[in-house]
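K.L.:
Sequence:
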Amino acid sequence: MPTAPHPQNTAELFQALQENDRRPYGRTRTVTAEEIVDAAEQLEEPVPLIHALLELQEAYTYGSEPRKSPVVFARLLTLFDEQPDVFDERLHHMLFWRFKWVSNALRAMPEIPLASLRQWLTEMRDRYEKAGLGLQPYYGQAYQLAAHLGEDTTLAYELWAGRTRTRLSDCEACEICERALYHLTAGDDERALRTWEPVLAGKDSCQEEPTRSLSYALLPLLRTAGADRARELHLVGYRGCRRNPGMSTAVGRHLEFCALTGNEARGLELLAENRNLFDEVESPLDLLGFLTGVEVLLQRVELLGHGELPAAGYAGRTWTVAGLRAEVRKRADDLAARFDARNGTAAHSDRRTARLDRAPLLDTLDLTLRTRTLDDVAPAAPVAEPAARTTDALPESLPELILRARTLDEQGHPDAQVCWARLRTLVTARDYTHPDDPAVGPLVRLRADLLAEEASREGEKDEFADAAALHEEAAGLYDDAGEPGHAALSRGCALLATAEIPAEGADGAEAKAAALTAAHASMVRLHEETPGLPPFQEARLMRLRATMLGLRLQTSGSDEHVAPVLAEVDLLHAFATRHDVVGQISGALLLRASTYAISGDLPAAVTEIDALLDRLKAQGPAWHLPRVLGLRGRLQLGLQDAQAAHTDLTESLRLAADWPTDAVSTTRIHGDLAEACIRLGRPDEALRHLTRSAELDLRRGSRTDAFCTYSNAAQLSLDLGRVEDCIALLDSLLAEPDVAAGEVDDRLVAQLRLTRARALHTGEDLKAATAEFVTLAAESSGWEDDPGSHALIAAETAVLLSESGEFGRAREVADQALAAHARAPQYEQLSNCLRELARLQAQQRGPDGLPDALAFLADAGRIADEARAAEYEARGRALDTALAYEYGRVNAYAREYEDALTALDKALALLGEPGRQDARVGEWAECIRLAGVVEGIYLERPAPALTRLDAAASHLTALGHTEETEPLTSLAAQLRDEE
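Quick note, the sequence shown lines up with residues -5 to 973 if you use our numbering.
No lab work stands behind these hints: they were computed from the structure.
You may find that some hints are simply not true.
To be verified - Mimicking DSBU-like on lysine-lysine, the simulated pairs with C-alpha atoms at most 35 Å apart in a straight line are:
1) K124 x K62
2) K94 x K62
3) K324 x K62
4) K62 x K197
5) K197 x K761
6) K62 x K761
7) K455 x K506
Said to hold, decoys possible - Label pairs and their in silico Cβ distance ranges:
8) A734 x D369: 16 to 24 Å
9) R862 x D899: 19 to 27 Å
10) Q9 x A503: 57 to 65 Å
11) K455 x P615: 18 to 26 Å
12) L297 x L420: 31 to 39 Å
13) R217 x G715: 27 to 35 Å
14) R17 x R648: 55 to 63 Å
Cβ atoms here follow ideal geometry from the backbone N, Cα and C, with glycine treated the same way.
Please model the entire structure based on the sequences and the hints provided.
P.N.:
Okay, here's the thing in structure tokens:
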């Protein structure tokens, strides 16, 4: 099916060629190139046909279809032999350049006889000599054939590398890679890396470089103590080759790198991302390289005992690691054997064997912010029994185990979880027989216990509806078992869980507070209607009453709700003290401290917490210490003492490690530690805590919380300049099955994608960033409930479109942003974007762009007027002064210098002279500098410009602003030199 109407004339054909050249390499570009050749043939003009054939050969070459490239080139050679005069200098150069492409294509196909390869090289040499061209490119191809065959390459290398480069030589980056590979094959890692350095540092690049070199350099770096740089180059290099059939061998080397650095789980993730390569790589040589890298990874995973893990492989069926490895091994062995048979050597089989026999180079290397193990990617399994703090073995006697679980549960001891987990396994077994023991009670009682414990775990995961239903079911079973006290407790827990189910609508907080008030009243009635409870049960009911009122206070923030909480806490504390219910004494004191904290009395809260800590250290229970220290750390954050918070939270984490993982929620502790680290100026440590917090949320099933925390981590890594870390983290999250299936909140996913797009922009991948922004802008236009977000996304999109030179589309999207702003004002952000759009118009188009630039500034002016009327205060630069400065800069770009100077003087008048602690000093100094440039250089009035600059420099120097003074004194010196 045609992808577009066929060009009807030469102009349309060349337009179609230009449009196709902007497409990424792949099937769409290739099919379009084929259609353009068909159209060119109808025109019966040689030059358009030559251009169309050159585009088609390029599409085949970089689209990994080497079999078709020589056929197209044969047509080009025929045209050259028949009509050499129609090949101008550029076409002549392109034709002879592509002899090398054909050499590469023929080597990549094992069905091409070796004699044909050598014959083609002879043809290339003869043609070059006849055309009077240097032979260095020919010797380069001869060397690459020798290396491919596995022959002694010493002479071939010298004949190539010792010759002077010509206009037809491979680019510097490609030749550097070949020279480095020569040294790498000789076993000299350090010399190879020295040779590669200009490419690895980004000084030399081309279509394939540095991506190709980055993939080869990974293992040499590991072998020469360059693990940190290898990590960096893996992140950069992988992004350059992923899902690209023409770079499939590089993808294979990145998979191998993961396998050899303890990152097998990431390797499987990347394999899934590149599943298309199994079917889209048509180059046998590229496919061999890719499959060998895949096999290295799968072999490692299987050796670690995870052969039954799912793996992404050939389409049409599901694969396990072991099954896919067997299939890949068979296909790769066959390819290697075919190449060896053609070449008359064992080079390709030997190279495969060497890669497969290579032992891991590092036990572990953290490649991304999201470090995962093979256990993390295993299919969901029954909840594992949490590890106990002590080494005490569980009772072998079933009655003893049941009684131990209940005793520990009454105490609130974390080790009860181990007992319940074991009992759940036993009770669900088909051969379970309940003990006939009066102390244990009937089976229905045990089933109620297990339901109540499961309900508590659901509540901890904020699954309140499920928790409420389970508690109600447990209460019914307790009734059946003749346990009214336990039934009352379960119903009380159900009341609390039901009240915590999030209310929808704008009045959600008010509705929840009302629900908690009603739940408390019901709880009081339930308590009054259940007399004769043992102390531990009555204390729990009282704890539930106090908790409900505490949550109501937290929800409403109302001062009138403080006293009722403290009254309930006093009742609980008095009762627990009278009956020596140790855990509830601690609970009451913790609730009291939390109430003070919520009400804003942080010093009183700290005093209560300190008293509680002293009690816990002396009398226990010890498992309360991590939680209490965590709260103290949060209080210290509120009191702006980040160092004290860090100390408390770190100790909280240390103590939490002594207890089962579910006993103390370290997710919150890690999150608070991240905040403390940010305040202490330790962002890298903060990043580690954020990612750890997110991973813990994932493990406990709180995926939304986890993605939110990961989003914060991604933004922090971007703020730190760790662009590739940010992109790798977000790529990993966006590849999660539930995200890909659309099961995660669409706004949260949009935020992840938005951060990724910003990271791509920061990483100077303008094309990819713009494409993502355009998609997000289109999607967010349908967010009727959130026009403000659409305004911001559309405004950023317009800026990127302008950076790409697409000014017409930028204006259209900017208008969308303005329309959304009218519904939900975003004064500062939209003003910033409009001024930037104006700057880009003037900077890139000069005088021709001035009308459109001034139109953007007029829009920004209207927004500034709206903001002033709404009494809005910008967080950054004042909108009026920033606008006046931009008028100056835009007019300067458009060479309207008098208007520029007038605007800059207005900006300076609005700013006024800065004081010693004035935050606007940098903005003022920049206005002075630009005014000096316009006045002194462009308007050629150095005297007033120098007066302006000298006065400003003196003023800034007197205020101690030496950094801002330097550009002014430098410009003044330049003006004096030119006088």
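K.L.:
Run every hint past the structure and note whether it holds.
P.N.:
Checked hints:
no. : hint                    : in the structure
1   : K124 x K62              : holds, 27 Å
2   : K94 x K62               : holds, 15 Å
3   : K324 x K62              : holds, 26 Å
4   : K62 x K197              : holds, 33 Å
5   : K197 x K761             : holds, 21 Å
6   : K62 x K761              : holds, 29 Å
7   : K455 x K506             : holds, 18 Å
8   : A734 x D369: 16 to 24 Å : holds, 22 Å
9   : R862 x D899: 19 to 27 Å : holds, 21 Å
10  : Q9 x A503: 57 to 65 Å   : holds, 59 Å
11  : K455 x P615: 18 to 26 Å : holds, 24 Å
12  : L297 x L420: 31 to 39 Å : holds, 34 Å
13  : R217 x G715: 27 to 35 Å : holds, 28 Å
14  : R17 x R648: 55 to 63 Å  : holds, 56 Å
Taken one by one, the earlier hints all hold for this structure without exception.
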